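Chemist: One line per chain: the protein sequences are G and E, in this order.
Residue numbering for the first sequence follows numbering that gives the first Met the number 0, starting at 0 and increasing by one per position.
Residue numbering for the second sequence follows numbering that gives the first Met the number 0, starting at 0 and increasing by one per position.
FYI, nobody ran anything at the bench for these hints, they're computed from the structure.
Among the clues, some could well be false.
[Claimed, not checked] Derived DEER-like restraints, expressed as beta-carbon distance ranges:
no. : chain 1 : residue 1 : chain 2 : residue 2 : range
1   : G       : Tyr36     : E       : Gly88     : 21 to 29 Å
2   : E       : Gln214    : G       : Leu192    : 55 to 63 Å
3   : E       : Ile76     : G       : Leu205    : 39 to 47 Å
4   : E       : Gly149    : G       : Gly88     : 27 to 35 Å
5   : E       : Ala213    : G       : Pro206    : 44 to 52 Å
6   : G       : Val272    : E       : Pro54     : 37 to 45 Å
7   : G       : Pro196    : E       : Leu121    : 56 to 64 Å
8   : G       : Ile125    : E       : Ile26     : 20 to 28 Å
9   : E       : Glu59     : G       : Val49     : 46 to 54 Å
10  : E       : Ala41     : G       : Thr116    : 26 to 34 Å
11  : E       : Arg19     : G       : Leu192    : 37 to 45 Å
12  : G       : Glu152    : E       : Glu53     : 51 to 59 Å
[Unchecked claim] Covered by chain G, per the in silico footprint, the following chain E stretches (three or more residues, Cβ under 8 Å):
no. : stretch
13  : 66–75
14  : 143–155
15  : 233–247
16  : 259–266
Source: prediction; values computed, not measured.
The beta carbon of each residue, even a glycine, is placed where N, CA and C say it ideally should be.
As a plain string of letters, each chain reads:
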Amino acid sequence: MSTQEAAALATAESAPAPRGRARSGRGGAGAWVVGAYSLLALAIMMIPIVYTIVFSFNDARRTNIVWRGFTLDNWLKICDDARVCESFGNSIIVGVVATVVATILGTMIAIAIVRYTFRFTTLITILLFLPMATPEVVLGSGLGSQFVNMGVERGLWTIIVAHIMFCISFVVVTVRARVASLDPALEEAGRDLYASPAQVFWRVTLPLLMPGILAAALLCFALSFDDFIITNFVSGNAETFPKFVYVAASRGIPPQSNVIASAVFVLAIVIVVAAQLSAGVRRRKLAKTG
Amino acid sequence: MAFGAFANSGPDLSAAAPRRRSYVAIILLAPGVVYLLATFVAPLVSLVLTSFKEPGGDFEVGEYVYAFRWENYAEAIGRFGEIFLRTFGYSLLATILALLISYPLAYFIGVTLRRFPLWQSLVLILVIAPFFISFLLRTLAWKAIFADEGPVVSFLQAIGILGPEDYLNGTAFTVIFGLTYNYIPFMTLPIYTSLERLDLRYVEAGGDLYAGPAQRFWRIILPLSLPGVVSGTLLTFIPASGDYVNASKDFLGSTNTVMAGNVINDMFFQSFYPLSAAVSILLMIAILIPVVAYVARSGSEDLL
Numbered sequence: 000m001s002t003q004e005a006a007a008l009a010t011a012e013s014a015p016a017p018r019g020r021a022r023s024g025r026g027g028a029g030a031w032v033v034g035a036y037s038l039l040a041l042a043i044m045m046i047p048i049v050y051t052i053v054f055s056f057n058d059a060r061r062t063n064i065v066w067r068g069f070t071l072d073n074w075l076k077i078c079d080d081a082r083v084c085e086s087f088g089n090s091i092i093v094g095v096v097a098t099v100v101a102t103i104l105g106t107m108i109a110i111a112i113v114r115y116t117f118r119f120t121t122l123i124t125i126l127l128f129l130p131m132a133t134p135e136v137v138l139g140s141g142l143g144s145q146f147v148n149m150g151v152e153r154g155l156w157t158i159i160v161a162h163i164m165f166c167i168s169f170v171v172v173t174v175r176a177r178v179a180s181l182d183p184a185l186e187e188a189g190r191d192l193y194a195s196p197a198q199v200f201w202r203v204t205l206p207l208l209m210p211g212i213l214a215a216a217l218l219c220f221a222l223s224f225d226d227f228i229i230t231n232f233v234s235g236n237a238e239t240f241p242k243f244v245y246v247a248a249s250r251g252i253p254p255q256s257n258v259i260a261s262a263v264f265v266l267a268i269v270i271v272v273a274a275q276l277s278a279g280v281r282r283r284k285l286a287k288t289g
Numbered sequence: 000m001a002f003g004a005f006a007n008s009g010p011d012l013s014a015a016a017p018r019r020r021s022y023v024a025i026i027l028l029a030p031g032v033v034y035l036l037a038t039f040v041a042p043l044v045s046l047v048l049t050s051f052k053e054p055g056g057d058f059e060v061g062e063y064v065y066a067f068r069w070e071n072y073a074e075a076i077g078r079f080g081e082i083f084l085r086t087f088g089y090s091l092l093a094t095i096l097a098l099l100i101s102y103p104l105a106y107f108i109g110v111t112l113r114r115f116p117l118w119q120s121l122v123l124i125l126v127i128a129p130f131f132i133s134f135l136l137r138t139l140a141w142k143a144i145f146a147d148e149g150p151v152v153s154f155l156q157a158i159g160i161l162g163p164e165d166y167l168n169g170t171a172f173t174v175i176f177g178l179t180y181n182y183i184p185f186m187t188l189p190i191y192t193s194l195e196r197l198d199l200r201y202v203e204a205g206g207d208l209y210a211g212p213a214q215r216f217w218r219i220i221l222p223l224s225l226p227g228v229v230s231g232t233l234l235t236f237i238p239a240s241g242d243y244v245n246a247s248k249d250f251l252g253s254t255n256t257v258m259a260g261n262v263i264n265d266m267f268f269q270s271f272y273p274l275s276a277a278v279s280i281l282l283m284i285a286i287l288i289p290v291v292a293y294v295a296r297s298g299s300e301d302l303l
């Protein structure tokens, strides 16, 4: 996933907007054409995903390009290619650390932006916006040349520094919407009941913000986990999973990398579908009681 | 602009409580802002300084000293001018193709499927599904599908569209295809967000006033979804113009499809830091012009 891909996960959070409903099924033939066209486009978009998953079961010898028959070996012996496993582990470490730090920093900024007025608002807004509007290759070469100029040894920690940087803005955007939709009356009620400011924050504000914060954290982890372009400039000899794939691409990708990608894919889809279904159930409950 | 569209989680109630001025704001902002100054702004400054460096010190490979060697830019434009044009052309074509594919798709999800919320969310998940599987492996999957002995090339050769010696991988076609494919979700999501809020009663009113289907589209639906189209276009064009994976020779490209990102990457890893930095700065300026134009028109308020 690249930085701009980001926002996608946050869509799961979106609530239905008010809208009119057509009196009649408009379109007829037109709607069928649009429907068929869309389904064709979606089907083509799924091809590389299916390909990657299918070839995780390939009985590959040297390269994993030609289909040689079904096997479960790749799934059972993921760590046979030690570099696959090691780079996967590095990606997890980088993703978790970067997500925790970026989510905390971004949430603090989001609260400040919605709740307080401060000087230099425009400058700070631009500062938060620009990392999202800058091509990743520029972010990467910039941070990379800074590390070179400073004579810093590049490794896992410089990757983490870079990933926190590009995550912060996306966390701010995602959490900010949640802060803005928070009803101030709830916090006021807490204060009326003699809760201290700290108690109001930890027991009212933070739990209410949690869905937005979790969405932001997921988004940041997904961005970090799939980032290659920025990582490449700041990684030195350290290898994350995408960097391993890139380096291996010139001489053939081991099937174990397909296994890891497929497993991550299935896990992510399960999480997103579960979130959607539970959101649907919640909406229906609200519709009944409201 | 673009980015806020994704994250709305309900009505904005913040107006109910007046925003306060307090030292708390500084405590909340300072760590993140300082972090961005150190890891985003400082590298950009460093990039500008590096782009004017000249060889120096012991004159070993990768050893440069601070200077004002503007010739780096002349060299960047002279040597890579054609590559800049190609980058712009590929990204523009990929953006247009992505728009042509995404608009009907977004309309289908946001309007046609409106009456079936469950289907709507499931199809939306299909749109973002590619995000969950490694971007590099997806691109390699296309490389295998377009391989010289692969099904697509064999078929196109059999029906005579491709000659027996013609292949697909490494051509402009596969690179633009890869770029388009990768950025379709970026284009679809913001357009979907706009269309999902489209009040269909406007379209009906148009029909009542004897507007035909074409008029209803061009004069009602498209203008109302324009913010989504603008966001999607920027979200596609910006990353596409900096991408160097699709155009790399190990993926869908060849030496004939080199883009600006490839130059930045290659020069950096061959330790030609000033040249790499100069190309980065030129790319950044080219990208920022449309963004600045956007900000000048709509203000910085709705940037996030």
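Chemist: Compare the structure with each hint and give your call.
Modeler: Tested hints:
no., hint, verdict
1, Tyr36/G with Gly88/E: 21 to 29 Å, "holds, 26 Å"
2, Gln214/E with Leu192/G: 55 to 63 Å, "holds, 58 Å"
3, Ile76/E with Leu205/G: 39 to 47 Å, "violated, 52 Å"
4, Gly149/E with Gly88/G: 27 to 35 Å, "holds, 34 Å"
5, Ala213/E with Pro206/G: 44 to 52 Å, "holds, 51 Å"
6, Val272/G with Pro54/E: 37 to 45 Å, "violated, 56 Å"
7, Pro196/G with Leu121/E: 56 to 64 Å, "violated, 43 Å"
8, Ile125/G with Ile26/E: 20 to 28 Å, "holds, 22 Å"
9, Glu59/E with Val49/G: 46 to 54 Å, "holds, 50 Å"
10, Ala41/E with Thr116/G: 26 to 34 Å, "holds, 27 Å"
11, Arg19/E with Leu192/G: 37 to 45 Å, "violated, 21 Å"
12, Glu152/G with Glu53/E: 51 to 59 Å, "violated, 25 Å"
13, 66–75, "violated (count 0)"
14, 143–155, "holds (count 3)"
15, 233–247, "holds (count 9)"
16, 259–266, "holds (count 4)"
The structure is inconsistent with the numbered hints 3, 6, 7, 11, 12 and 13, although it conforms to all the rest.
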